[in-house]
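Start from chain A and add chains B and C according to the hints.
Residues per chain, in single letters:
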Amino acid sequence: MMDGSDAVVRLAAVSRRFGDVTAVDGVDLAVPAGSLTALLGPSGCGKTTTLRMIAGYERPTAGQIFIDGRDATTLAPEKRNIGMVFQSYALFPHLTVAKNVGFGLKVRGVAREEIRTRVHAALELVGLSDLSGRRPRELSGGQQQRVALARAIAIRPSVLLLDEPLSNLDARLRVQMRAELARIQRESGITTILVTHDQEEALQLADQMVILDSGRVAQAGHPREIFPAPASRFVATFLGYENFLTLPGRGLVTIRPEHVEVLPESDPDPDGGQSRPGTISHITYRGTDSLVTLDVAGETVLAAVKDSDLREGTRVRAVFPDDHVVSLPS
Amino acid sequence: MSQSAARARVRLARERRPVLTVLAVAAYLIMIGPVIFVVAVAFTAGSTITFPPEGFSLRWFGAAADYGPFLDGLWTSLLVAAGATVIALAVGVPATLAIHRGRLPGRSVIQNLFLSPIVLPELVLGLALYQQLMVGLGVTASGVLLVGHTLLLLPYAVRVTGASLTLADPALEEAARGLGAGPVTTFFRVTLPVLRPGIAAAAVLGFVTSFNNVPLSLLLQGSGTATLPVAMLQYVQTSYDPVVAAVSVVLLAASVVVAVIAERLVGFNKIFGGIGS
Amino acid sequence: MSRRNAVLLLAPGLALLLFGFLLPSVMMLFHPPDTPPLDVGRRLGEMLTDPFMLKIIWRTLRIGLIVTAVCLLLGFPVAYLLARSTSRWSGLWLALAIFPLLLSNVVRTYGWLVVLGSKGVLAQALTGLGITDHPPQLLYTEAAVVAGLVQLFLPLVIVSCYSSLSGIDVRLEDAARGLGASRSATLRLVLLPLAMPGAVVGATLVFAGAATAYTTPVLLGGTRQMMLSLQLYNYSSVTIDWAGASAVAILMTVLVFAVAGASAWAGRKRVTV
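Respectively, the protein sequence lines represent chains A, B and C.
Per the working numbering, residue 1 is the first one in the first sequence, and the count goes up by one each step.
Per the working numbering, residue 1 is the first one in the second sequence, and the count goes up by one each step.
Per the working numbering, residue 1 is the first one in the third sequence, and the count goes up by one each step.
Extracted from the complex, chain A is given alone in its bound form (with noise of 0.2 Å):
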């Protein structure tokens, strides 16, 4: 991670507690200008309350949050000039699409023919000009989610906040306003910060993706530095790593499902690989390849299989090839 001396937003041993809980626990963190941030984990894992605080909404109970360099930690949220899109959009009900738009302008006292001219563009960059004069209530989901961006972006933030902004969406059109999102930060350039419990969300539009357990960074880095080598076990099942097991020489491994080859148990071990003898125990079709649950020795090992002439029951030779087999902490 940089030293965040370019950062928009940085973290310094931020923690948070409520009561007895310690839902944020020393977290550092640099968002560097431009950038794109992915807070990741299970819910209840602090990436909520980390961003309410950067927002403002909560106050750390130690540590520094630093907004443009400045020391923002006890800084009301209103004079922190930050866009945050809310899981439930939070759109004024009372207000049309344009005045919503237009709210954070308004109260900065920006002249009207600014303020429409700036609206303008920002709905033209989620795609929206034409539905300004709607109310919240006569737009869909997709819309809605739309329209908070906008308002969001219109008051040309520092840094723009997005808590779980495509959860409320249906699997189709989350795919697509994932693609929008990243069309619309690439072309804003707009330092943005993302809230998910959604790895895959997070590897695509992330250039930066933090994982958090219980509070804590768990790790840190480019999805790409991070997908192919969790630190740990932790981050590893987060991400999608199923299998874990003990292979002679290299202590605790994990594997991916769709890494796990399948061969017959008369072929030999291959090169650059360790294999073990099992036992098909269930066989799951899903469509582009099926799911085989694997007994090795007593440990589940699953295997994502193109071919399915495979049977249940079947004694079979699990492969682990070493390019993939990635060693955790014990």
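Just so you know, these hints were derived from the structure itself, not from any lab.
It cannot be assumed that every hint is accurate.
Pulled a few chain B residues facing chain C out of the computed Cβ check, cut under 10 Å [what the hints assert, rightly or not]:
hint : residue
1    : A45
2    : F114
3    : L120
4    : L151
5    : Q237
6    : A262
Using N, Cα and C, we set each Cβ at its ideal position, and we do this for glycine too.
Below, chains B and C without anything else, positioned relative to chain A:
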């Protein structure tokens, strides 16, 4: 989602809001303060409304019990409140059922008609009944008093039981019929139990409203039909001793009992919190 | 339920409303006892040109409006703090705000006699603190009537604002703050417009109650602060002037309906803009 909402509320509760807090404190002082002083004065040994009270005694409670119009008034109030509540429910609950389940044309007109007595100022309603029924047609004071109070409570009966009927799933009744229950069985086994909290709420609300009413009771009093609040009002207008404070303390205690009963029955805030909405 | 059964269920209620409410109300306008036809209209015309009556109408309107404004000013904060509170005591505080509704108006108003009377709490406090030797007349003033009516109707405003405010998502306030709105701007631009329907309902109830109340004005204002309600009682039960009483009843009803209509209109206008 609910977790993050709960946290959002934690944050807001912590932010200091001095102006709002000062106004809210003032509101509670105005609502509760005078009542507390009444309690203090009720136990005075002196013979005027003075503060701080001069000594401690229960003499004004004795005086209140010995004063005939208060006891008579209490009896009248209880009778009228009970009678009006029962009649308003007996008339209002069937009407509510017809309004909500009857598939009648002009449903909302009928409903608004049943709610309309509450729209007219109580004094005006009282005047109409006094002029037309008592003076014009010569109906007895107690009869008109009962009619007036019943009219006053009818809107509560229709609205409160109607609210619990709208909340109930109409499919419940259809399901009962589908399972082989006849219309009468369905009514007593399904509809009435669904309505029970609404009826209980309307009964408590109606009884309290009738018991405390002054304008109707004042205009419609005949000889011997003054209710307790009217007797108290007339007492205060003519003499300045603390006997009414003692009666007030008794009523306050009774109100606390009613509040506890209401809380047990349906929930206090549920019953009385709906008044303003 | 068949239509015939529905009509049977409605019949007793409709009969009660017709003979106990609608007919007497209409007859009161046109045919009070011992009154020549159209006399009510004549009295009404006289009242509207009588300076004494106009003063009473104006006082009734003024007291009603002041009480409504004060109730909103004090009740809205209570409703807001209760709606946003996470304290486990908030239910109890709400109950405490509602509880006075159970208590007779006579009892609640009697409290002000204790507070404002010539040997009451306030007078004793003023002399005790050496502020004055001769405490001013506190009872039988317009301020006393306003105080008593505010106490009476605060719970209504609190309850109706509370039900409005507790339906407003906290995150709307967060969103406004995040977009740069100060707390007062958030109140003005987000909370008030959204709470308007509840506030309008509450305000309408308060005005209707305050402008037609009898107990409180008669005890705290007396004949020095004549209001329409007191005048109605005088005509109907003291001077037995049926036409006059009917005319006052019309004035009172029109006043309440006019203000209710105006506030509903203003509330709707405010919300749609």
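To see whether the hints hold, each was checked on the structure:
The beta carbon of B/A45 comes no nearer than 15 Å to any beta carbon in chain C, farther than 10 Å, and the hint placing it at the interface is violated. Proximity of B/F114 to chain C holds as hinted, the smallest CB-CB distance being about 6 Å (cut-off 10 Å). Satisfaction of the interface hint for B/L120 is found here, the shortest Cβ-Cβ separation to chain C being roughly 7 Å, below the 10 Å cut-off. Nearest Cβ of chain C to the Cβ of B/L151: about 5 Å, under the 10 Å cut. The hint holds.
About 7 Å separates the beta-carbon of B/Q237 from the nearest beta-carbon of chain C, less than 10 Å, and the hint is met. The beta carbon of B/A262 is positioned within 10 Å of a beta carbon in chain C (closest approach about 8 Å), and the interface hint is therefore held.
Consistency with the previously given hints fails for number 1 only.
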